[in-house]
Every structure is written in structure tokens, then in C-alpha cells.
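Asker: Each chain is listed here by its residues.
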Amino acid sequence: AQSVTQLDSQVPVFEEAPVELRCNYSSSVSVYLFWYVQYPNQGLQLLLKYLSGSTLVKGINGFEAEFNKSQTSFHLRKPSVHISDTAEYFCAVSEGTSGSRLTFGEGTQLTVNP
Amino acid sequence: ETGVTQTPRHLVMGMTNKKSLKCEQHLGHNAMYWYKQSAKKPLELMFVYNFKEQTENNSVPSRFSPECPNSSHLFLHLHTLQPEDSALYLCASSPELAGVSTGELFFGEGSRLTVL
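Line by line, the protein sequences are chains A and S.
Each residue of the first sequence is one higher than the last, beginning at 455 in this note's numbering.
Each residue of the second sequence is one higher than the last, beginning at 2 in this note's numbering.
Hints are computed from structural coordinates only; laboratory data are not their basis.
We treat Cβ as the ideally placed atom computed from N, Cα and C, and that holds for glycine.
Honestly, I wouldn't trust all of these hints.
[As the list claims (entries may be wrong)] Quick list of in silico lysine to aspartate or glutamate cross-link-like pairs, EDC-like style, CA-CA up to 20 Å:
#1 S/Lys37 with A/Glu560
#2 S/Lys42 with S/Glu97
#3 S/Lys37 with A/Glu542
#4 S/Lys53 with A/Glu518
#5 A/Lys503 with S/Asp86
#6 A/Lys512 with A/Asp539
#7 S/Lys42 with A/Glu560
#8 S/Lys42 with A/Glu542
#9 A/Lys503 with S/Glu105
#10 S/Lys19 with S/Asp86
#11 A/Lys512 with S/Glu110
#12 A/Lys503 with A/Glu518
#13 S/Lys42 with A/Glu518
#14 S/Lys42 with S/Glu25
#15 S/Lys42 with S/Asp86
#16 S/Lys41 with A/Asp462
#17 S/Lys41 with A/Glu518
[Unchecked claim] Partner residues are not named here, just some residues of chain S that face chain A (Cβ under 8 Å, in silico):
#18 Lys37
#19 Lys41
#20 Pro43
#21 Leu44
#22 Leu46
#23 Met47
#24 Phe65
#25 Glu68
#26 Pro96
#27 Leu106
#28 Gly109
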């Protein structure tokens, strides 16, 4: 069975600083990996996804993530954050087969301070 | 406007009440889902519908009863709930069932349920 661990429950940063949100997964088969973002009082929105190909994936709002198979990680990064990036970020994994389900991590609250 | 609309946004109910949550998607998708989001816990998949047919019930207690009259509408009927059922209930849709594995999920804003 697959599982996802988000190593930090809360990440406070100052505006314009770089940020990395960490995600590790475990699975016995090849996987698809995702990051979703949830702004206050809203549903989840897909930020980016890795299905195959280049291990560096670029998403919306200047975010990117790198798939590292040997370390079973899919960390999310942004070189310079804005106040508007304050939100909860969820890492998710599926086993890449038709009908497989997404398993979500517990989420990381990113708070960007002025 | 996300394409997936949930009503009501907030609901407070007693343990003996009967209420329903509604979800409507305007995206022409064929698969719809109910998720439960509790504080500091991963999202829990509750039910999956594909072309109006339920394809998955993830060991959800019978006090939660889903209904999918067509591919655009999904309901969650609630009765004799417990305080621990208080959570944010999220509806999602995808173009097809395989979309759940490729991340093509589109979420509504959720219905915040409080059970007293």
C-alpha cells in the first residue's frame, strides 16, 4: 500500500524568501505524484503533478517540484514567496494504474509573513 | 467559480437531525467523489460514483448515505450523526474514473459540518 509523509506541519517564512515543503512517499510500484493547494475557505486545487518524463515539474504560481526516485521524495519549492501563497499544501500519490486512488498527506500550512 | 458548487457552505445539526449536502458540477465530468477532511488528518475518500453508479464505498458508516441522480449532481444524506463526524466535506469530480489516478480532480469549496 502507498503512503505519504509530509515532514513539516507548519512552515513560517518571510515574504520574498525561498521555501521548500517536504514530501516523502512509500510504494512498492511506480507512482504518480501531486501537490494540491488549499487557500482559506476553499477546496483543493491542483498545483502540479508528475506522471512521467522530466523529474523537474513546474506548476502554477511559480512553484516547482522534483521527483527523486532514489530518495522517494517529491519536495515542493518556490524561490520567492508572496503573502498570497499562504495556504495549506497537500502532497498526494497514486500507484499509477487505472482506478488507483489518491493517498493524501496530512498537509503543510505555509504562512508567509511581511 | 470553480466549476464544482457545494451547498450549504456551513451546516450545524443535532445528532437526531436529518440533513443533506449537495454538490453540482458544471464541467461535464463523469466521475464524482465525496471526501472528508478533518483537522490534521489526511483527506479520506468516502464514496466514488462513475456514470451515476457507485463504484466505491470506503467503509463509511451507514449514517452517511450518498445519492447520485445524474452525472452532474451528488448528494450526501446525513442522519443520526455523531460529534466526531464534524468536518469539512469536499466534493470532487474528474473527467473519468481514471482521472483520480492522474490527479485530474476538481474540488468544490466544501461544506463545513458541525454536529452538536
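Asker: For each hint, tell me whether it holds in the structure or not.
Answerer: Hint-by-hint comparison with the structure:
no., hint, result
1, S/Lys37 with A/Glu560, "13 Å, holds"
2, S/Lys42 with S/Glu97, "27 Å, violated"
3, S/Lys37 with A/Glu542, "16 Å, holds"
4, S/Lys53 with A/Glu518, "36 Å, violated"
5, A/Lys503 with S/Asp86, "31 Å, violated"
6, A/Lys512 with A/Asp539, "16 Å, holds"
7, S/Lys42 with A/Glu560, "5 Å, holds"
8, S/Lys42 with A/Glu542, "12 Å, holds"
9, A/Lys503 with S/Glu105, "9 Å, holds"
10, S/Lys19 with S/Asp86, "14 Å, holds"
11, A/Lys512 with S/Glu110, "25 Å, violated"
12, A/Lys503 with A/Glu518, "9 Å, holds"
13, S/Lys42 with A/Glu518, "25 Å, violated"
14, S/Lys42 with S/Glu25, "26 Å, violated"
15, S/Lys42 with S/Asp86, "13 Å, holds"
16, S/Lys41 with A/Asp462, "12 Å, holds"
17, S/Lys41 with A/Glu518, "24 Å, violated"
18, Lys37, "11 Å, violated"
19, Lys41, "6 Å, holds"
20, Pro43, "4 Å, holds"
21, Leu44, "4 Å, holds"
22, Leu46, "6 Å, holds"
23, Met47, "12 Å, violated"
24, Phe65, "18 Å, violated"
25, Glu68, "21 Å, violated"
26, Pro96, "13 Å, violated"
27, Leu106, "7 Å, holds"
28, Gly109, "5 Å, holds"
Against the hints set out earlier in the document, violations occur for numbers 2, 4, 5, 11, 13, 14, 17, 18, 23, 24, 25, 26.
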